[in-house]
Amino acid sequence: MVKPAATGIDFANAASPAILPEPFLKWFSSRGWQPRAHQMDLLSRAQAGRSCLLIAPTGAGKTLAGFLPSLVDLTLNARERKQGEIHTLYLSPLKALAVDIERNLQGPIRDMALPVDVETRTGDTPTSKRRRQRISPPDILLTTPEQLALLISGSDAKRLFAGLKYVIVDELHALATNKRGHLMALGLARLRHIAAPGLQMIGLSATVADPDGLRRFLVAQPQDEELLADLVIAGAGAKPDISILETTERMPWQGHTARFAVPDVYAAIAKAKTALIFVNTRFQAELMFQELWRINELDLPIALHHGSLDASQRRKVEGAMAANELRAVVATSTLELGIDWGDVDLVLHIGGPKGASRLAQRIGRANHRMDEASKAMLVPTNRFEVLECQVAIEANYVGAQDTDPVGEGNFDVLAQHIWGVACAGPFAEEALFIEVSSTEPYRFITRALFRRVIEFVATGGYALKVYERYARIMEFTPGWWRLRHPRLAQDYRLNIGTIVESPSLLIRLLKAKPKGPIVRGGMVLGKIEEAFLEALVQGDTFIFAGRCVCFEGIRENECVVTDATKRDPKIPSYAGGKFPMSTFLAEQVRALIASPERWKLLPEEVADWLRLQQVHSILPAKQEMLVETFPRGNRHYLVAYTFEGRMAHQTLGMLLTRRLERAGAKPMGFVANDYALAIWGLEDMGEMVRHGKLSIADLFDQDMLGDDLEAWMDESYMLKRTFRYCAVISGLIERRHPGKEKTGRQVTVSSDLIYDVLRRHEPDHILLQATRRDAAKGLLDIARINDLLSRIQGRIIHKRLEKISPLAVPVMMEVGKEPVSGAANEALLGEAEDDLINEAIA
Amino acid sequence: MNLPAQKPENDMPKQVAAQLGDLALVLDAAGVAYAPDEHTLLVADLHFEKASSLARRGVYLPPYDTADTLRSLTALIMHYQPKRVICLGDSFHDVDGHARLVNAAAEAISSLALGRDWVWISGNHDPDGKGSLPGQVCVEVDLRNVKLRHEPQFISGTYEIAGHLHPCARIEQRGRSLRRRCFAINQNQMVLPAFGALTGSLNVLDKAYWGMMHSGNAKAVMLGQTAAYAIKANRLLPD
Numbered sequence: 001m002v003k004p005a006a007t008g009i010d011f012a013n014a015a016s017p018a019i020l021p022e023p024f025l026k027w028f029s030s031r032g033w034q035p036r037a038h039q040m041d042l043l044s045r046a047q048a049g050r051s052c053l054l055i056a057p058t059g060a061g062k063t064l065a066g067f068l069p070s071l072v073d074l075t076l077n078a079r080e081r082k083q084g085e086i087h088t089l090y091l092s093p094l095k096a097l098a099v100d101i102e103r104n105l106q107g108p109i110r111d112m113a114l115p116v117d118v119e120t121r122t123g124d125t126p127t128s129k130r131r132r133q134r135i136s137p138p139d140i141l142l143t144t145p146e147q148l149a150l151l152i153s154g155s156d157a158k159r160l161f162a163g164l165k166y167v168i169v170d171e172l173h174a175l176a177t178n179k180r181g182h183l184m185a186l187g188l189a190r191l192r193h194i195a196a197p198g199l200q201m202i203g204l205s206a207t208v209a210d211p212d213g214l215r216r217f218l219v220a221q222p223q224d225e226e227l228l229a230d231l232v233i234a235g236a237g238a239k240p241d242i243s244i245l246e247t248t249e250r251m252p253w254q255g256h257t258a259r260f261a262v263p264d265v266y267a268a269i270a271k272a273k274t275a276l277i278f279v280n281t282r283f284q285a286e287l288m289f290q291e292l293w294r295i296n297e298l299d300l301p302i303a304l305h306h307g308s309l310d311a312s313q314r315r316k317v318e319g320a321m322a323a324n325e326l327r328a329v330v331a332t333s334t335l336e337l338g339i340d341w342g343d344v345d346l347v348l349h350i351g352g353p354k355g356a357s358r359l360a361q362r363i364g365r366a367n368h369r370m371d372e373a374s375k376a377m378l379v380p381t382n383r384f385e386v387l388e389c390q391v392a393i394e395a396n397y398v399g400a401q402d403t404d405p406v407g408e409g410n411f412d413v414l415a416q417h418i419w420g421v422a423c424a425g426p427f428a429e430e431a432l433f434i435e436v437s438s439t440e441p442y443r444f445i446t447r448a449l450f451r452r453v454i455e456f457v458a459t460g461g462y463a464l465k466v467y468e469r470y471a472r473i474m475e476f477t478p479g480w481w482r483l484r485h486p487r488l489a490q491d492y493r494l495n496i497g498t499i500v501e502s503p504s505l506l507i508r509l510l511k512a513k514p515k516g517p518i519v520r521g522g523m524v525l526g527k528i529e530e531a532f533l534e535a536l537v538q539g540d541t542f543i544f545a546g547r548c549v550c551f552e553g554i555r556e557n558e559c560v561v562t563d564a565t566k567r568d569p570k571i572p573s574y575a576g577g578k579f580p581m582s583t584f585l586a587e588q589v590r591a592l593i594a595s596p597e598r599w600k601l602l603p604e605e606v607a608d609w610l611r612l613q614q615v616h617s618i619l620p621a622k623q624e625m626l627v628e629t630f631p632r633g634n635r636h637y638l639v640a641y642t643f644e645g646r647m648a649h650q651t652l653g654m655l656l657t658r659r660l661e662r663a664g665a666k667p668m669g670f671v672a673n674d675y676a677l678a679i680w681g682l683e684d685m686g687e688m689v690r691h692g693k694l695s696i697a698d699l700f701d702q703d704m705l706g707d708d709l710e711a712w713m714d715e716s717y718m719l720k721r722t723f724r725y726c727a728v729i730s731g732l733i734e735r736r737h738p739g740k741e742k743t744g745r746q747v748t749v750s751s752d753l754i755y756d757v758l759r760r761h762e763p764d765h766i767l768l769q770a771t772r773r774d775a776a777k778g779l780l781d782i783a784r785i786n787d788l789l790s791r792i793q794g795r796i797i798h799k800r801l802e803k804i805s806p807l808a809v810p811v812m813m814e815v816g817k818e819p820v821s822g823a824a825n826e827a828l829l830g831e832a833e834d835d836l837i838n839e840a841i842a
Numbered sequence: 001m002n003l004p005a006q007k008p009e010n011d012m013p014k015q016v017a018a019q020l021g022d023l024a025l026v027l028d029a030a031g032v033a034y035a036p037d038e039h040t041l042l043v044a045d046l047h048f049e050k051a052s053s054l055a056r057r058g059v060y061l062p063p064y065d066t067a068d069t070l071r072s073l074t075a076l077i078m079h080y081q082p083k084r085v086i087c088l089g090d091s092f093h094d095v096d097g098h099a100r101l102v103n104a105a106a107e108a109i110s111s112l113a114l115g116r117d118w119v120w121i122s123g124n125h126d127p128d129g130k131g132s133l134p135g136q137v138c139v140e141v142d143l144r145n146v147k148l149r150h151e152p153q154f155i156s157g158t159y160e161i162a163g164h165l166h167p168c169a170r171i172e173q174r175g176r177s178l179r180r181r182c183f184a185i186n187q188n189q190m191v192l193p194a195f196g197a198l199t200g201s202l203n204v205l206d207k208a209y210w211g212m213m214h215s216g217n218a219k220a221v222m223l224g225q226t227a228a229y230a231i232k233a234n235r236l237l238p239d
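These protein sequences, in sequence, are chains Z and W.
Per our numbering, numbering of the first sequence is gapless, rising by one per residue and ending at 842.
Per our numbering, numbering of the second sequence is gapless, rising by one per residue and ending at 239.
A hint or two may mislead.
What the hints assert, rightly or not - Listed below are the simulated DSS-like cross-link pairs for lysine-lysine, each with C-alpha atoms no more than 30 Å apart in a straight line:
no.: 1; chain 1: Z; residue 1: Lys239; chain 2: Z; residue 2: Lys527
no.: 2; chain 1: W; residue 1: Lys232; chain 2: Z; residue 2: Lys515
no.: 3; chain 1: W; residue 1: Lys207; chain 2: W; residue 2: Lys83
no.: 4; chain 1: W; residue 1: Lys207; chain 2: Z; residue 2: Lys527
no.: 5; chain 1: W; residue 1: Lys207; chain 2: Z; residue 2: Lys515
no.: 6; chain 1: W; residue 1: Lys207; chain 2: Z; residue 2: Lys513
no.: 7; chain 1: Z; residue 1: Lys158; chain 2: Z; residue 2: Lys82
no.: 8; chain 1: W; residue 1: Lys14; chain 2: Z; residue 2: Lys666
Treat the hints as calculated values from the structure; they're not laboratory data.
Construct all of the structure, not just a fragment, from the sequences and the given hints.
Structure follows, in structure tokens:
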């Protein structure tokens, strides 16, 4: 049952007019503005005491709409407020966004001389200021979900939040669907418990596929019922003007670098006032930046912005951008969320958009005003991406969306939260259970599971109970828990958050090659992942922060580099975007391939490519799946056009090779991209099918997700990595801190060992359950494979070919680099040993 | 991503032979060394009760590390049937580790020691020895002119087998980095890998090894799933 989130009168349709005090009316009219309909709608609902979700496109005055109820309330009720209490809490996924909002709020507050003070609080805020904020907080505190977790774990949380009236959650669509959002949901429930009754939540979101999920997220969910926050939708803005960048160069079959299109990208930048160039990964960003400067004859100010760069460098770029000093910025998703940047009039998107909603978000960065059309150009980097771009453009026009659902919260996040609750003071187990299960992500949790998570927090939750006397929290009286020692609250604060970064090192640029083990001086360029450094030896060159650098080695806990003299860097092998193509886009691409009458929209050479495929093989209908088998070199190939994204294909590849092995096809390996999967082996799989030794239908049977999956998952490297994340988030192992350890090695190794020991002795342990859930959902895309397998039942077309087909070329050219299975690693070790033997014989 | 889907041809455990002075050794992929002429099994850094030691400061690792380590050790003792077992120190993670052993673990150790000599060399983690467990405690053992001790001393011209450092090695093969526990070996010295289920490891190129990998004939015998692999020192990489 669904009902509006307030008892008594149904305000949802009540047209009680919003109260907008004099200073506000004057301020609007002094600028020649009218309050927008959705701003007034939201205000009146908020003034009626309701929690609301505002869905609005970028540039619709979303921020002002979100803060208006709070600013008005502070203006009208200034005198009644108590010192030491926060009135409005604003949560944003990005620190930079909070800073940006502070700037945007200060203007109107000053203009109207409102009695309101606003401050930000992030990890970058000086300790002294943070301390002062706890004693004497501002009316409006702008912060991040991690800071919220820290604030509610303090013993002063009750005082700080007793007078809280509004919580504004910005970019809710981006936050709510992951572990960060799930932790935040628990934090919000805590705030409802601490604050005086009547606390209201206001969620701000871009257009999403399922607004009801977010509406439930904003209000407490009673058992057996659904409550929804009010929904306010701002009218759609002007239709964006999106096109595919035309290029005179030949469209590559495969690849992700867009090197061929650089002159055209440059020409587009030169024509625009300010351009944002979005890429899917940091390495694409580095490469594009480098290539643009190589041909930058006009000396245009072009900058680089990605998450690995040093914060001060990023701030510099952001400053220059806001001051309109730049002509172009090459950026990754760090610039994606609603930050307002000067006069961007063109967005260039390199690579497949991977999702229609993601594309809409990025395009929204151009002309940050709702009534002007954003101008965007897509730059596909290979032929399949042309198809992807084409369908994404059409999707954006029809407003189709492919955002993720809120999803179920996992136990690791819940464990962290419970530890935090205990840090603030003793708690009653039953009350906390009711509070936790009132949140959207944890509605499903049973009392018994909740108890297991509590026991996990207390002593690790093992079946063998030997840690009772060392417990972190203890049940001091039945049903009541408290922290065993105050020191444990400090441990909690050091281990907070749900983002487990892969171990990374500072990268420092020296003027000259280091002579000894100790290095001094040099500029910090940013951070680089240890996994990347592992593959480097001294003298290797790579691009970082827009320059070609030479790897000199690791000193202490830093990666030391010098300027490279060589011009041609060893670019890290790069295997495509980290975001898999959304189910929605995949479906559209399949439909496009199946409709030759629509190919006229495509560049001629891409249409020709599809026509060639019709001649040499076949093109499947929308609901069908094509499987081709053909020989090449001394191997035999099986290519399946599954269109389910790289992640799902990797899992599928693992499972299919296991089955082919059993069928005697002697599979040797596989390779995957976003669109297809190629498996090669020693036996002719087409011939095996012909002789009835292999059935393609059986190969793709849904029972693949049974025993094969279980058996494979247990030995999978991905599962170990997922376990590490869960172990860190849940507080089982400690987060690494700068200077505490040399590298992430110790953690990595021990979490693998812990995983092995736990799996052997307590395979049902709650953290292993959490790991399997995460792996099935995120890393392995099991749900997507399941949908695929059920969709294609009875609809698989097998085509036996003499040689490789045009459609198969891209995946065959794909070079990927992924962890290999245990057996393969053994083979490599053996090979290394053989090298030694060969060396000895030679 | 190119994934060989086949298992190695040979699934039998593979050992590597080594010689230190007069002492012939078989290095097992499980991380122990066996001296056939002496019927002696060498094992280092068992770190029993590491998990319960950490639990005292609020880190709750699975309390199964002792059981797990013992299970592996039992299998090896059943396989080699040694007349003597020498543990090269840090057999317990801390001084009262032996006292925290659950009864079943203490009994398992006692029955393993039954009918054979059991030597506990003391280490920095367990200087006080073994409590009421069977076997003798000592600081050093001499085996065919090879000194067995916990902490390596790297004295030139003397043969030595030690533990303490938890060696591991890293190589790169076909663009892939592989890091494994290992035996570190040169002409005079050998450092055994840590055997305990939850023990970490330190790269053999670290300065704590006093450059032992730079001397002639140095190699790392890396531990795979089913086999040990001798890798020449010049192939090894730092972390």
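Check: Taken at face value, is the distance from the CA of Z/Lys527 to the CA of Z/Lys239 at most 30 Å?
Finding: Roughly 39 Å between the alpha carbons, so the hint for Z/Lys239 and Z/Lys527 is violated.
Note to self: Can you confirm whether the C-alpha distance between W/Lys207 and Z/Lys527 stays at or below 30 Å?
What the structure shows: holds, 26 Å
Margin query: Tell me if the straight-line CA distance from W/Lys207 to Z/Lys513 falls inside 30 Å.
Written below: holds, 21 Å
Note to self: For W/Lys207 and W/Lys83, compute the direct alpha-carbon distance and say whether it is at most 30 Å.
What the structure shows: Not OK: W/Lys207 and W/Lys83 at ~36 Å, beyond 30 Å, violated.
Next item on the list: Given the hint that Z/Lys158 pairs with Z/Lys82, test it: the Cα-Cα distance must not exceed 30 Å.
Entry: OK: Z/Lys158 and Z/Lys82 at ~14 Å, within 30 Å.
Notebook entry, point to check: Holds or violated: are the alpha carbons of W/Lys207 and Z/Lys515 at most 30 Å from each other?
Noted result: Status holds; Cα separation ~17 Å.
Check: Has the given pair, W/Lys14 with Z/Lys666, been kept, meaning a C-alpha gap of at most 30 Å?
Finding: holds, 25 Å
Checklist line | W/Lys232 paired with Z/Lys515 [C-alpha distance capped at 30 Å] | finding: Distance ~27 Å between W/Lys232 and Z/Lys515 Cα, so the pair holds.
Hints 1 and 3, counting from the list given before, are not met by this structure.
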